[in-house]
Amino acid sequence: MKPLSQAVASVPPSGIRRFFDVAAQLEDCISLGVGEPDFVTPWHIREAAIWAIEKGFTTYTSNYGLFTLRQRIASHLKARYGVDYSPESEIIVTVGVSEGLDIAMRALLNPGDEVIFFEPSYVSYAPCVLFAGGKPVPVPTDYRQGFQPDVHRLREAITPRTKAVLLCYPNNPTGAVASRAALEEVVRIAVEHDLYLITDEIYDRLVYDTQHTCVASLPGAAERTILLGGFSKSYAMTGWRIGYACAPAQIIEMMMKVHQYTMLCAPIAAQKAAEEALERGEPEVERMRREYDRRRRLIVERLNEIGLECVPPQGAFYVFPSIRCTGLRSEEFTEQLLWEERVAVVPGNVFGNSGEGHVRLSYATSLPKIEEALHRIERFVNKRRK
Amino acid sequence: MDSEKQKAILEILEQDARTTPEQIAAMLGVDAEQVKQAIQQMESSGVIRRYKTVIDWDRFGEERVFAFIDVKVSPAREVGFDDVAERIYRFPQVHAVYLVSGDHDLRVIVSGRTMKEVAAFVAERLAPLDRVQATYTQFVLKRYKEDGEVYAETETDRRLVMAP
Numbered sequence: 001m002k003p004l005s006q007a008v009a010s011v012p013p014s015g016i017r018r019f020f021d022v023a024a025q026l027e028d029c030i031s032l033g034v035g036e037p038d039f040v041t042p043w044h045i046r047e048a049a050i051w052a053i054e055k056g057f058t059t060y061t062s063n064y065g066l067f068t069l070r071q072r073i074a075s076h077l078k079a080r081y082g083v084d085y086s087p088e089s090e091i092i093v094t095v096g097v098s099e100g101l102d103i104a105m106r107a108l109l110n111p112g113d114e115v116i117f118f119e120p121s122y123v124s125y126a127p128c129v130l131f132a133g134g135k136p137v138p139v140p141t142d143y144r145q146g147f148q149p150d151v152h153r154l155r156e157a158i159t160p161r162t163k164a165v166l167l168c169y170p171n172n173p174t175g176a177v178a179s180r181a182a183l184e185e186v187v188r189i190a191v192e193h194d195l196y197l198i199t200d201e202i203y204d205r206l207v208y209d210t211q212h213t214c215v216a217s218l219p220g221a222a223e224r225t226i227l228l229g230g231f232s233k234s235y236a237m238t239g240w241r242i243g244y245a246c247a248p249a250q251i252i253e254m255m256m257k258v259h260q261y262t263m264l265c266a267p268i269a270a271q272k273a274a275e276e277a278l279e280r281g282e283p284e285v286e287r288m289r290r291e292y293d294r295r296r297r298l299i300v301e302r303l304n305e306i307g308l309e310c311v312p313p314q315g316a317f318y319v320f321p322s323i324r325c326t327g328l329r330s331e332e333f334t335e336q337l338l339w340e341e342r343v344a345v346v347p348g349n350v351f352g353n354s355g356e357g358h359v360r361l362s363y364a365t366s367l368p369k370i371e372e373a374l375h376r377i378e379r380f381v382n383k384r385r386k
Numbered sequence: 387m388d389s390e391k392q393k394a395i396l397e398i399l400e401q402d403a404r405t406t407p408e409q410i411a412a413m414l415g416v417d418a419e420q421v422k423q424a425i426q427q428m429e430s431s432g433v434i435r436r437y438k439t440v441i442d443w444d445r446f447g448e449e450r451v452f453a454f455i456d457v458k459v460s461p462a463r464e465v466g467f468d469d470v471a472e473r474i475y476r477f478p479q480v481h482a483v484y485l486v487s488g489d490h491d492l493r494v495i496v497s498g499r500t501m502k503e504v505a506a507f508v509a510e511r512l513a514p515l516d517r518v519q520a521t522y523t524q525f526v527l528k529r530y531k532e533d534g535e536v537y538a539e540t541e542t543d544r545r546l547v548m549a550p
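Chains X and H are the protein sequences, given in the same order.
First residue of the first sequence: 1, per the numbering used here; consecutive thereafter.
First residue of the second sequence: 387, per the numbering used here; consecutive thereafter.
With the rest of the complex left out, here is chain H (with noise of 0.2 Å):
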């Protein structure tokens, strides 16, 4: 199969990853056992990382806490800021660890239920790490859009039922 079968495969899978490989074969034509195929190798060799649902935790009535902190950190040699941003990600409160350019090194994504627990986090958990200088933490007021997701009222499909 081609590569660019194999991206559409991809594209199709991101947008639903429940969609069959029969699906998918008639969507693009090919043949299902084909697809199948394709999917399995591109699982081995972790290009298809894994498949998950994307869940709106607000709507089924669970609080979470979302805080962005920024991580200011001493490099080191030989290392740079790789060992300090594993010591981070290995926490499983971590929801993401980026290393960024501008004033600071480390953007962190803490969840936490409340804001309590994710203060504390920092506290006690981010701030003491060795050559982390400073952290600045801002809390998460209201989510609009994540990873390509609106999080509002979807626009309604306003067209008539039928139209020549």
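Okay, chain X solo, but in the shape it has when bound (with noise of 0.2 Å):
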């Protein structure tokens, strides 16, 4: 038979599929590897998408997505940062920021057109634009500095072929939240390059003792950014699969084009039910962040009391310590942490190769069962102390 697709093929698998399977077997083991809130979806929500159900909301809307979800984006958005999107033509409503994402790379890339992102980062950018016939260009960010975007490491890594900056604040894995200022510096030379800027923002109400920087709200931002976010993270909602995409008109168009014939339409119950989250959910949001506080600031003080150095971090729902003092490599560490102790964690190296010698931990779980799990890790580490 002929070779199947060589930019799929290049692909590698998930790096987390092996641990999954283990984990997925043991009866009493602790999951801190969870990319998703432990939240249900607030009960006003689901009720709202219920009743939109029961009143006969099942079929297709725009393929931009309900007018009236579009004018509620703009407004939050407007209200939230300060930034003008029309609800007309610059919003497109998308199947979660995994669809938002894989549309802007079609619609920006060329085949071989480089996009620079910064890493550890989550593990679906590369792919993305490998799929889409672009070069990912990975360029590292240092725990010592708390993972903040590296301006000067950026500027190196731009050639004649970048096409964009692919940003992630607050970030999925090491929970850090970008500068202002650093934001700014990427905006100037993104300016100076002429680059467009995709700033994955999913995670922007789960922030911690600092403020989300909207980086379309920056001077210069806007007319070359594509701000994807969605409702997944702040409402738990991950399993509606509902987001949405804000650029300048003639980037809507293109991505589009592509969501148009390969999507269609964001599912319409989905739609109401942000349309609620977005009306009532607020008091919801903040009560979930509250408690993601608290939990984060219990488990940074017990990973640093155990020895897994860990710079707070100020975002999402994850803290990326070094496990430098057991001397284990990232996967030697998940690997017989799991077996040894029931805990799962996903390994940093997963992330790409600035993460290994970190896991990943995720305070989306209870508390008890937070605790329980660093008791098990600390008993673990202290065994291996170097």
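No lab work stands behind these hints, which were simulated from the structure alone.
The structure presented is a predicted model; accordingly, all values stated were derived computationally and were not measured.
Do not rely on the hints blindly, as some may be mistaken.
[As the list claims (entries may be wrong)] Listed next, with one range per pair, are the computed distances between beta-carbon atoms:
1) X:51 <-> H:525: 53 to 63 Å
2) X:133 <-> H:406: 27 to 37 Å
3) X:210 <-> H:427: 51 to 61 Å
4) H:428 <-> X:375: 41 to 51 Å
5) H:536 <-> X:192: 28 to 38 Å
6) H:406 <-> X:209: 16 to 26 Å
7) X:6 <-> H:531: 56 to 66 Å
8) X:75 <-> H:449: 52 to 62 Å
9) H:439 <-> X:219: 55 to 65 Å
[Said to hold, decoys possible] Here are some of the chain X residues that sit facing chain H, going by a computed Cβ distance under 7 Å:
10) 19
11) 35
12) 36
13) 210
[As the list claims (entries may be wrong)] Where chain H lies over chain X, by a calculated footprint (3+ residues, C-beta under 8 Å):
14) 23-32
15) 313-323
For glycine and all other residues, C-beta sits at the position ideal for the given N, C-alpha and C.
Each chain sits in its own coordinate frame; assemble them with the hints.
Below, the structure written as structure tokens:
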């Protein structure tokens, strides 16, 4: 038979699959390896979707998404970040940020175009660039600098083929929130070299002791920025698969073409749920954020006591401590911890080479479970401390 | 300690009274000694009344019957309903007493081991009280949610054990 797609074949399989299969079989395993909220979607949102289905909201919507939802997204972004997007032509409702990312890449890239992103990074970025025919260019960031975007290395990575810079703050897996100054510098570099900016702001509502900076709100950014946002993390709506992309009309028009021929529209029940979330979800967002914040402080303090050093993350629901004191590599640590103590964490190297020597722990898990997991991790680390 | 932090301590204890001052201190980014002091102060001022345990007696195998009893009372000069309310709430089998708007005046929640026991309490103790004009008893058939606690099978964690 003829060979299958080279572009797809070139992407390695997911680095967590191996651990996933083991962890799923262990009965008393506590998982800190999950990248989604432990909360169930707030009831008022679920109830609104049930009502919508009862009323017969079961059809396609406009390819762009329900106009009423786009209006709410526009006013929400305006009120929070002062950015202006027209609900008529500059917003498209997507099937999660995942789809937004895919259609953004396909709308931007020609074969061989390079996309720079900071590492450790979410696992989908490099594959999405590759699938769209581009070349992923990871730029490492440093634990000692709190995983802040390194603008010096960014400049060095730029070539004549560089097309775009992909940002993700608050960051998965590090929990880092980029400083406003660093982001302003990234925007200046983008303007200087005429680069597009794609900014994945799915964790925008989960920040602690700081403010989220919306990249599109920075001077000079809006005209070259694709802002990707969604409902999964802020409103605990991962399974609804609902997000949005905002950009200048000519870019949205291009993304729209891919979206309309491949996805048609986001599911209408999820769109109705998203409307309810924006309309009345604020107290729940804050309730969950406060709960995460408490767990975050506890987990950071305990990890540092145990000897797994970590800079307090300021966003998302991850900590990304160094495991240097054990002398183990990320995958060794993860595998041994899983078998010996039945705690699942994600090895840092799956987020890129600069994640080696770290593991990702999610605190989207109830406090008693987090405490028991930390107790087990402490026992594990004490046996190995160098 | 500011009132925002004190409120946070109360919220944490309201969810789990066994959370230690050290854990609370870590969660809120404050000193454990300060947390201890704040808790002591709120205990002595009566903000924290006491610590108790939420028990599912049904699951333990102990039968308990609850009834809502709406009571019509003729108010008296100077005391209104307060004296009657007090006469009622002093009985240990009385779980709660509220002054309510609507057709009746007091809503009383009474518990007992059997329906007979509760019925006897109403007939012998509540109804004969001076100024109690009428009672209207509703027995609880099933408890779904009480004090924020849902008494049903908990929603299981359906998430995959590992996800990027």
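To see whether the hints hold, each was checked on the structure:
1. X:51 <-> H:525: 53 to 63 Å: Distance hint for residue 51 of chain X, residue 525 of chain H is violated at roughly 33 Å.
2. X:133 <-> H:406: 27 to 37 Å: Violated: the Cβ-Cβ distance is about 56 Å, outside 27 to 37 Å.
3. X:210 <-> H:427: 51 to 61 Å: 31 Å Cβ-Cβ, so the 51 to 61 Å window is violated.
4. H:428 <-> X:375: 41 to 51 Å: violated, 29 Å
5. H:536 <-> X:192: 28 to 38 Å: Taking Cβ atoms as reference, residue 536 of chain H and residue 192 of chain X lie about 57 Å apart, which means the hint is violated.
6. H:406 <-> X:209: 16 to 26 Å: holds, 23 Å
7. X:6 <-> H:531: 56 to 66 Å: The hint (56 to 66 Å, Cβ to Cβ) holds, given that residue 6 of chain X and residue 531 of chain H are roughly 57 Å apart.
8. X:75 <-> H:449: 52 to 62 Å: About 55 Å separates the Cβ atoms of residue 75 of chain X and residue 449 of chain H, which means 52 to 62 Å holds.
9. H:439 <-> X:219: 55 to 65 Å: About 57 Å separates the Cβ atoms of residue 439 of chain H and residue 219 of chain X, which means 55 to 65 Å holds.
10. 19: Holds, about 6 Å.
11. 35: holds, 4 Å
12. 36: holds, 6 Å
13. 210: violated, 13 Å
14. 23-32: Holds, because 4 residues of the stretch 23-32 of chain X bring their Cβ atoms closer than 8 Å to Cβ atoms of chain H.
15. 313-323: violated (count 0)
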